[in-house]
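Number of protein chains: 2
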Amino acid sequence: MAEKAQLQLAIKTQGELVRKLKAEKAAKEQIDEEVSKLLQLKAQLGGDEDKHTFVLKTAKGTRDYNPKQMAIREKVFDTIIRCFKRHGAETIDTPVFELKETLTGKYGEDSKLIYDLKDQGGELLSLRYDLTVPFARYLAMNKITNIKRYHIAKVYRRDNPAMTRGRYREFYQCDFDIAGQYDPMIPDAECLKIVHEILSELDLGDFRIKVNDRRILDGMFEVCGVPDDKFRTICSTVDKLDKMSWEDVKNEMVNEKGLASEVADQIGEYVSMQGGKDMAEKLLQDPKLSQSKQACAGLADMKLLFSYLELFNVTDKVVFDLSLARGLDYYTGVICEAVLTQTTSAPATQERNGPAGEEGVSVGSVAGGGRYDGLVGMFDLKGRKVPCIGVSIGIERVFSIMEQKAEAQAEKIRTTETQVLVASAQKNLLEERLKLTAELWDAGIKAEVLYKKNPKLLSQLQHCEETGIPLVAILGEQEIKDGVVKLRTVATREEVDVSRAELVEEVKKRCQQL
Amino acid sequence: MAEKAQLQLAIKTQGELVRKLKAEKAAKEQIDEEVSKLLQLKAQLGGDEDKHTFVLKTAKGTRDYNPKQMAIREKVFDTIIRCFKRHGAETIDTPVFELKETLTGKYGEDSKLIYDLKDQGGELLSLRYDLTVPFARYLAMNKITNIKRYHIAKVYRRDNPAMTRGRYREFYQCDFDIAGQYDPMIPDAECLKIVHEILSELDLGDFRIKVNDRRILDGMFEVCGVPDDKFRTICSTVDKLDKMSWEDVKNEMVNEKGLASEVADQIGEYVSMQGGKDMAEKLLQDPKLSQSKQACAGLADMKLLFSYLELFNVTDKVVFDLSLARGLDYYTGVICEAVLTQTTSAPATQERNGPAGEEGVSVGSVAGGGRYDGLVGMFDLKGRKVPCIGVSIGIERVFSIMEQKAEAQAEKIRTTETQVLVASAQKNLLEERLKLTAELWDAGIKAEVLYKKNPKLLSQLQHCEETGIPLVAILGEQEIKDGVVKLRTVATREEVDVSRAELVEEVKKRCQQL
Numbered sequence: 000m001a002e003k004a005q006l007q008l009a010i011k012t013q014g015e016l017v018r019k020l021k022a023e024k025a026a027k028e029q030i031d032e033e034v035s036k037l038l039q040l041k042a043q044l045g046g047d048e049d050k051h052t053f054v055l056k057t058a059k060g061t062r063d064y065n066p067k068q069m070a071i072r073e074k075v076f077d078t079i080i081r082c083f084k085r086h087g088a089e090t091i092d093t094p095v096f097e098l099k100e101t102l103t104g105k106y107g108e109d110s111k112l113i114y115d116l117k118d119q120g121g122e123l124l125s126l127r128y129d130l131t132v133p134f135a136r137y138l139a140m141n142k143i144t145n146i147k148r149y150h151i152a153k154v155y156r157r158d159n160p161a162m163t164r165g166r167y168r169e170f171y172q173c174d175f176d177i178a179g180q181y182d183p184m185i186p187d188a189e190c191l192k193i194v195h196e197i198l199s200e201l202d203l204g205d206f207r208i209k210v211n212d213r214r215i216l217d218g219m220f221e222v223c224g225v226p227d228d229k230f231r232t233i234c235s236t237v238d239k240l241d242k243m244s245w246e247d248v249k250n251e252m253v254n255e256k257g258l259a260s261e262v263a264d265q266i267g268e269y270v271s272m273q274g275g276k277d278m279a280e281k282l283l284q285d286p287k288l289s290q291s292k293q294a295c296a297g298l299a300d301m302k303l304l305f306s307y308l309e310l311f312n313v314t315d316k317v318v319f320d321l322s323l324a325r326g327l328d329y330y331t332g333v334i335c336e337a338v339l340t341q342t343t344s345a346p347a348t349q350e351r352n353g354p355a356g357e358e359g360v361s362v363g364s365v366a367g368g369g370r371y372d373g374l375v376g377m378f379d380l381k382g383r384k385v386p387c388i389g390v391s392i393g394i395e396r397v398f399s400i401m402e403q404k405a406e407a408q409a410e411k412i413r414t415t416e417t418q419v420l421v422a423s424a425q426k427n428l429l430e431e432r433l434k435l436t437a438e439l440w441d442a443g444i445k446a447e448v449l450y451k452k453n454p455k456l457l458s459q460l461q462h463c464e465e466t467g468i469p470l471v472a473i474l475g476e477q478e479i480k481d482g483v484v485k486l487r488t489v490a491t492r493e494e495v496d497v498s499r500a501e502l503v504e505e506v507k508k509r510c511q512q513l
Numbered sequence: 000m001a002e003k004a005q006l007q008l009a010i011k012t013q014g015e016l017v018r019k020l021k022a023e024k025a026a027k028e029q030i031d032e033e034v035s036k037l038l039q040l041k042a043q044l045g046g047d048e049d050k051h052t053f054v055l056k057t058a059k060g061t062r063d064y065n066p067k068q069m070a071i072r073e074k075v076f077d078t079i080i081r082c083f084k085r086h087g088a089e090t091i092d093t094p095v096f097e098l099k100e101t102l103t104g105k106y107g108e109d110s111k112l113i114y115d116l117k118d119q120g121g122e123l124l125s126l127r128y129d130l131t132v133p134f135a136r137y138l139a140m141n142k143i144t145n146i147k148r149y150h151i152a153k154v155y156r157r158d159n160p161a162m163t164r165g166r167y168r169e170f171y172q173c174d175f176d177i178a179g180q181y182d183p184m185i186p187d188a189e190c191l192k193i194v195h196e197i198l199s200e201l202d203l204g205d206f207r208i209k210v211n212d213r214r215i216l217d218g219m220f221e222v223c224g225v226p227d228d229k230f231r232t233i234c235s236t237v238d239k240l241d242k243m244s245w246e247d248v249k250n251e252m253v254n255e256k257g258l259a260s261e262v263a264d265q266i267g268e269y270v271s272m273q274g275g276k277d278m279a280e281k282l283l284q285d286p287k288l289s290q291s292k293q294a295c296a297g298l299a300d301m302k303l304l305f306s307y308l309e310l311f312n313v314t315d316k317v318v319f320d321l322s323l324a325r326g327l328d329y330y331t332g333v334i335c336e337a338v339l340t341q342t343t344s345a346p347a348t349q350e351r352n353g354p355a356g357e358e359g360v361s362v363g364s365v366a367g368g369g370r371y372d373g374l375v376g377m378f379d380l381k382g383r384k385v386p387c388i389g390v391s392i393g394i395e396r397v398f399s400i401m402e403q404k405a406e407a408q409a410e411k412i413r414t415t416e417t418q419v420l421v422a423s424a425q426k427n428l429l430e431e432r433l434k435l436t437a438e439l440w441d442a443g444i445k446a447e448v449l450y451k452k453n454p455k456l457l458s459q460l461q462h463c464e465e466t467g468i469p470l471v472a473i474l475g476e477q478e479i480k481d482g483v484v485k486l487r488t489v490a491t492r493e494e495v496d497v498s499r500a501e502l503v504e505e506v507k508k509r510c511q512q513l
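Just so you know, the protein sequences line up as chains Y and H, in that order.
0 is the number of the first residue of the first sequence in numbering that gives the first Met the number 0; add one for each residue after it.
0 is the number of the first residue of the second sequence in numbering that gives the first Met the number 0; add one for each residue after it.
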C-alpha cells in the first residue's frame, strides 16, 4: 500500500512537470519524453487490472510515416533512384541484421551505438549500422570483384535522437558505391558528380561538397608530430570542426587526448585551408607536408580528381578542405561531405557516419562518403582486396526539408492516385455501383466506391474534394436505363453523359489532360 | 595441446562430412549448414592469430538479394502496387521494431517466434512479426478511424527456415487493409477482388481463394461440443488440414488436445464441406449449426459476401471452405487464404500468419488475411474499436516461382537501364569520353563509361553485350574533329555518324524503338 501511494505521488509530480513543460511551450521531444514517463508510471499503477494501460508509442528515436510523408518520401526516392540508374547502377538488398562479428571492428568509437539482438539461442546478431559493411560482406561472400550498385534501406544507431532535426535511431541511407580495380580517381569523380546531380535536382538551395583524403590527413598528422597510435582519435576530434570552434577542438586534442600544444597549433594551420586544384598543387610544394609520401600520393590524386571534376562541370561546388576528417575507421583515400550553405532553420541530420549538425547549427550535412579499399579484404579469407568508393545521401534531412517546404507552401499533396469515384444520387444502387467499379478496375482505371449501401451524394463529392479525386461517375435509374453514366469533373462541377462503352476511354483522356 | 588436437580432429571429421554431402549432391541448405559448422571450428582453431578466420555468411534464415533477384522483385512489387493504387490505397510505413509490449498477446502460440532486441538500457524492443499489429498500433496512436492503406515491408519470425522453398526468417509482406465502420462485406469483397487481380496478373498458374469466417468456426465448435477454452487450440489444429490428413488432425485433437473422439468426428464432417453461396444457404438450414447465433451471423454474411463477389466477377476462384481456420488470435470474422492449384515443384512459403506448405506439398499458400475488428481496440485506452479487414500477399513464394521461371526460360534479365556506353577505339581519349558522358547525364540519358584510361574497344563492346546496353557512342580523333560520334547498335553492329548536337535526341529515339 505504501508503494502504491508512492507511485501515485510520482504520477502527480510527473503530471505537474508535463503540464509545466506544455505551458512553457518546451520542445516537443522533451514533452513527449516526459509524457512517456508519465504513461509508464500510470501503467505500473494499473497493474494487471486493466489491459489497456500501456504506453502507446513507437520506440524511442523512431517514427511512423503517414501517407503524406510517404508521398514526399517516394518523390525524393524517385529523384535519387533515377540518378543512380542514369549512372548505370544495379541494386542489391541485404538483411536488416548481420552476424555480430561481421560488424565488429569496423566503426571505431561508434561501435557502442550498434543495436544487438537478444540471445535467444543460435547466432549472435546485430542490426546493421550502415549499408557499407554489409555491402563489403556481400562482395567478399560472393567473390564479386566489380560492381556498381545502389542500396536504399534503413539502418540503426542507438544514438541520441533529435527528431525535430531529422536525427533518428532508425533512418534511411541511400548509398551508391563503385567496387573494382580501376584507374585512379575516375569512379571517385563520378561519385561526386552524382552528389552534385542529386542535390541540384532536389532543389534544396545552395550547397558545397567538401573533399579531402585520408592519406593527406594521416600525412599531415605525421609531419605535425602526432604519435602513430593517436592518428585515429585525433582524426575524430578534427571531424568535430564543423560543429565546434577551433579553440574547443584544440582543447580536446591537448587536454583530453594529450597532444602537445605546438603539435595542435600546427594542425590548426593546415585545417584552416580550403581551395581547389591550385591548393593541391601548392601543398605538393609545402616543405613540411611534402616530406610525407602518403600525403604526396593523396595530393597528386586530389589534383587528378579536380581535373576530372572540371570535365564533369562540377567544380563550382566542390572544395578541397583540409579540415574534413570523417570519423570512420575504414576510409583509406578520398573522403567527401556535402553541406547546405543557406542559413536555414531546417533540421540537421546524420548521414553516413557523419555526426552532423547540433543545436543552433545552420549548415547541415546532407551527403558523405569516401574510399575504403581495405574493407572487403577484412572479410576475405585470403585478404584479397576489392577497392571501393561510395557516397551516401542523408535522406532523412532531405525529407525534413521537403516536409517543411510542403507545409510552408500549404501545398496539397495527394496520397492516392484514384481517377474516378463511382457514385449514385439515389438509393438502392449499391450493386450497380459495385458492378461499374469492377468494370473500371478490370480496365485498369483507378477507381473507388464508398463502402456504404446508400451514401449521400454530398458525402461522395466531399470524399473527392478531400482526397483530390478529379472525376465522379454518377449512376441513377435513368442513366442505367439509358446505358450511360453522368461524368462529373470535380473542379468545374461540369457534368456530361457518357455511354458505358466509352467511359473507360473518356476517363483516361480526361486524366491525361489534368 | 590436447584440446587443439581434439579440435583438429573435429575439423577433419567435419571436413569429411562436407565432402561426402557434396559428393552425394545433398540439399544446398544442408551443405551450407555443415560448411558453416566447419568454418566455425576452423575459426576456433585460428584463435586470435588470424583475423580473417570468421564465418562469412548471412544470419540463419536470411538472404541477400542480388541484382537479378532485385530486378524480379521490383517487377513483382510494381504489379502489386499498381493494383493497390488502382483500388485507391494510400501507403504508410512503421519502424522495424516496436515496444515489446505492443506485440505481446497478439499472436497466440506463435509469440515464441518473435525476435527480441537485447536490453541495452532503455526500452524493451522486438522486431515486428507482421504488419497488422503495427498498423493497429498506428491507428490507435493517431486516432484514425478510417483508412485504406497498403504497406510493403519486411517482417521477422524465428521460425524453422526452409529457404529453398521460400521460407525465411526475414521476409516481405505486402499488406492491404481497409479500416473503418462500413456496411457489411463490401470492404471484405474488395480485399478478395484484390487477391484475385494480383494472382491473375502475376500469372502464376491457376489458383483458388478459400474463405471462411471465425464466427462460423466458433459456432461449429460450439454445436459440436468443443469446450469453450479449447476453441483456439482446436482451431489451430484444424488449420493444419492443408498439410496433414484428417486422420492425423483428428489424432492431434483427441490424443494431444484431449477432445472426445465423437466431437472430433462431428467436426470432421463439417470441415470436409466446400461450396459457394448455396452452401451458406444450406448450412443456414442445418439443424445443428443453425442453433449457434454466431454461426448464423457468419453464414448470413457469407451469403452477402458471395453476392458481392458475383458482381466483382471473381466467384470462379473463390470457395467457401469450412476447413479453413487461420491460427491467429486476432481474427474475428471473414478469413481467407489463396493457394496455387497446379502441381508444382515450386517452393512453398509462409504468408501472413499462415504456417504454409511443408515437404512434399504441391499446393502452396500465396495470400491470406481476414477481418480483425478487435485489434485496434486493444491499443485504445478507452477500448474504442476500429473494424478492419486485410489481406497479405505471400510475396517470397511469388519471388521463388518467378526466379525459377526466369531460370527455366533462360531469360536474360537486365539489371541496369543504361542506354549508351561512351567508348573509344583509340588511346588517350579518356578526357573526351568523360566530357561526352557528362553531357549525356546532364541531358537525362542513362550512360556509362569504363573507368579505364585506355580500355580496348573489344572490352567496351563486351561490357555492352554482358549487361545489355543497346547503344555505343564511339569517339575517335576524326569524330572529335568532325564534331560527330559513331553511334553503334550493339545488336546489329550497324554504325552511323551522328552530330554531337543531335546525339541526345538520336539516343532517345532509338531507345523508344527498342
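Rather than coming from a laboratory, the hints here were simulated on the basis of the structure.
Some clues are possibly wrong.
Identical chains blur together in the list; that is why a pair holds if it fits in one copy or across any two.
Each computed DMTMM-like pair below joins lysine to aspartate or glutamate, with the alpha-carbon atoms no more than 20 Å apart [as the list claims (entries may be wrong)]:
| no. | residue 1 | residue 2 |
| --- | --- | --- |
| 1 | Lys84 | Asp441 |
| 2 | Lys404 | Asp328 |
| 3 | Lys117 | Glu100 |
| 4 | Lys99 | Asp115 |
| 5 | Lys153 | Glu431 |
| 6 | Lys452 | Asp300 |
| 7 | Lys485 | Asp264 |
| 8 | Lys59 | Asp109 |
| 9 | Lys67 | Glu416 |
| 10 | Lys302 | Glu280 |
| 11 | Lys11 | Glu476 |
| 12 | Lys41 | Glu100 |
| 13 | Lys41 | Glu15 |
Checklist entry - Which hint numbers doesn't this structure obey? => result 2, 5, 7 and 11
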